[in-house]
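**Student:** Take a look at the letters that make up each chain.
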Amino acid sequence: MLLEVNGLTKNFGGLAAVSQLDFHVNKGEITGLIGPNGAGKTTVFNLITGVFPSTRGQVVFDGTDITHKKPHQVARLGIGRTFQLNPLFGNFTVLENISASFHLHPSSSLLDIYFNTATYRRNEAYIMEQSLEISKLVGLDNVKHELAKNLPHGYQKMLGMARALATRPRLLLLDEPIAGMNPDEIDSALKNIRKTQQQGVTILIVEHNMQILDLCDRVVVISFGHKITEGLPQEVRGNEEVIKAYFGDEHAA
Amino acid sequence: MDMSDKQLSDMTPSKTATVQEKWIKLAITAGVVVLIALLPLLLTSPYMLHIFILTFIYTIAAVSLRTILTSGQFPLGHGAFMGIGAYSSAMIAKWLGWSPWLTIPVAALVTMGIGMLIGYPFARLRTLYYAMGSLFFGMGIIYIFYAGGSLTGGYSGLTGIPPLLPIGTSKVPYYYLFLGLALVSLLALYRFEFSRIGINLKAIAQSHLVASSVGINEGWYRILAVGVGCFFVGLAGAGYAHYTTVLSGNNFSFMATLWLVMYVLIGGKDSFAGPIIGTFILVLIPEFFRDLKIYTPFISAAILLIVVFIMPQGLVSLPKLVRSWFTEHRKGRRITHAS
Chain A
18 MLLEVNGLTK NFGGLAAVSQ LDFHVNKGEI TGLIGPNGAG KTTVFNLITG VFPSTRGQVV
78 FDGTDITHKK PHQVARLGIG RTFQLNPLFG NFTVLENISA SFHLHPSSSL LDIYFNTATY
138 RRNEAYIMEQ SLEISKLVGL DNVKHELAKN LPHGYQKMLG MARALATRPR LLLLDEPIAG
198 MNPDEIDSAL KNIRKTQQQG VTILIVEHNM QILDLCDRVV VISFGHKITE GLPQEVRGNE
258 EVIKAYFGDE HAA
Chain B
4 MDMSDKQLSD MTPSKTATVQ EKWIKLAITA GVVVLIALLP LLLTSPYMLH IFILTFIYTI
64 AAVSLRTILT SGQFPLGHGA FMGIGAYSSA MIAKWLGWSP WLTIPVAALV TMGIGMLIGY
124 PFARLRTLYY AMGSLFFGMG IIYIFYAGGS LTGGYSGLTG IPPLLPIGTS KVPYYYLFLG
184 LALVSLLALY RFEFSRIGIN LKAIAQSHLV ASSVGINEGW YRILAVGVGC FFVGLAGAGY
244 AHYTTVLSGN NFSFMATLWL VMYVLIGGKD SFAGPIIGTF ILVLIPEFFR DLKIYTPFIS
304 AAILLIVVFI MPQGLVSLPK LVRSWFTEHR KGRRITHAS
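Line by line, the protein sequences are chains A and B. Sequential numbering from 18 applies to the first sequence in the working numbering. Sequential numbering from 4 applies to the second sequence in the working numbering.
If we strip away everything but chain A, and leave its shape as in the complex, we get (with noise of 0.2 Å):
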């Protein structure tokens, strides 16, 4: 079990937006976190990332207790994540998108970087050369000197995943990576997820677009901040809770 989420909740004002959620994800695995609009899915990332504090409850990554950390402090320790709105550092190139993405290795120290020297200089040019590689597997590398804010939605959403695998994480937190997109974009970005775990990633996706669920090993399904179930994608499919909470009572028979 690489992330362990044990009761956790989270109230904005009276509004419990998660409640007593409980999850994990394997190892190595593809773990879908999926529900209606507003079931929550966005404020458990955000939970575990450290951008809200949490009301109640326990995140745990892989073995640390991570609930109190905050959002950088968790990039750190090997945690990447995009976000669904999808924020870019607009005003940089593809290529120096990714390059301020690999903040942490390697990281120079304070006065390495200053008096530019040959550890500064070797370690930027490791960084180049990774970002060059990050934009050649995602399929950026023909817009590599485009300002990130004048790629077309996918390239910008492909971007932000490269970014994410630019802090080399163990853990790849997407949010809603297919959201927008044309089915063509969709192939290739599910094709991208899945050469990611290939590569080791341990990989957690937030997604209304129940075709994700092809790509998942298993899924954990929540509405109004509470699990629904979890379970295969197959078993999740044709469960009952699941229906009624996509298409409301009267489509459940």
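No lab work stands behind these hints: they were computed from the structure. Every clue listed holds true.
Computed spacing ranges between beta-carbons, pair by pair: (1) Asn167/A x Phe329/B: 25 to 33 Å; (2) Lys166/A x Thr21/B: 20 to 28 Å; (3) Ala135/A x Tyr123/B: 28 to 36 Å; (4) Lys166/A x Phe329/B: 23 to 31 Å; (5) Arg333/B x Asn167/A: 22 to 30 Å; (6) Asn167/A x Gly183/B: 36 to 44 Å; (7) Tyr123/B x Lys166/A: 31 to 39 Å; (8) Leu38/B x Arg139/A: 35 to 43 Å; (9) His225/A x Ile309/B: 45 to 53 Å; (10) Met314/B x Met18/A: 53 to 61 Å; (11) Arg333/B x His162/A: 25 to 33 Å; (12) His85/A x Leu112/B: 30 to 38 Å.
Stretch by stretch, here's where chain B covers chain A in the computed footprint (C-beta under 8 Å, at least three residues): (13) 88-101; (14) 107-113; (15) 130-144; (16) 180-194.
Quick look at which bits of chain B chain A covers, simulated, 3 or more residues with Cβ under 8 Å: (17) 195-203; (18) 206-212; (19) 219-230.
Ideal placement from N, C-alpha and C gives every residue a C-beta, glycine not left out.
We have chain A already, so just place chain B on it with the hints.
**Tutor:** Positioned in the frame of chain A, the structure of chain B alone reads:
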């Protein structure tokens, strides 16, 4: 790990063009520096030398303000931090008898320390809230200068500050001293911005959410930017104190901060050279049209409006703009010739 040439050329599509551009920029910079260094040979009026010395000091202050700006924070108390540098250096030198050569770097460190200390709680504030927070902090500092009694000279100001060079020294040595200080400071700030530290700051400014998700410690980097910016504005302030040898809280009021902001905006906030150009234009122009001096705020506002409408990237983008006008014009002529 060495990169192959192929990868290098991969990264810079028009490598030769950018290298050429870099040399042109370097040549222009060197030319301007030499010109300014030779200026005292032509310019014998002590008053004009005095104006240039002030320009050098304000250049450091304006560029250091922009350093904080690159991290996405909008400081409106920067003039007051210049005052902290000035007053602390002046007071240590005057009341403890230390040499100004020692108190100036000490005062810069003091300013940096106070800036970082204040930066810690302020790192939680963003945008307008940060601006207002720093504004009122700056105003508070000015009142401390006024309320300091005989220690700070109160409302009548601090006088009898030990000068940097022996009394009776002409303006020329001061001119070269402050030119040197400005060059060293600008070089240090340039290096800061165009290293990975600067990249991280610009990343935070564009999206703090993304920046922290890739492991950049947002709070620490923002405090670092404030610390470095305050160090250099403190240095400028301390130099100012031992050059003019008199200080008043007025020198560092909110108006002083606004002028620094003006230098940055008119010159161009997105470019390192922007605030340098902005400071030279706004400090020197009123001196050449002395009769118009009382209208300086109006003229500056007019320049700002013109800049915002015609050159949103500031005066620094003027050459590029002229070049594009020129090529447009030539293109137009060629078409009329052809018809």
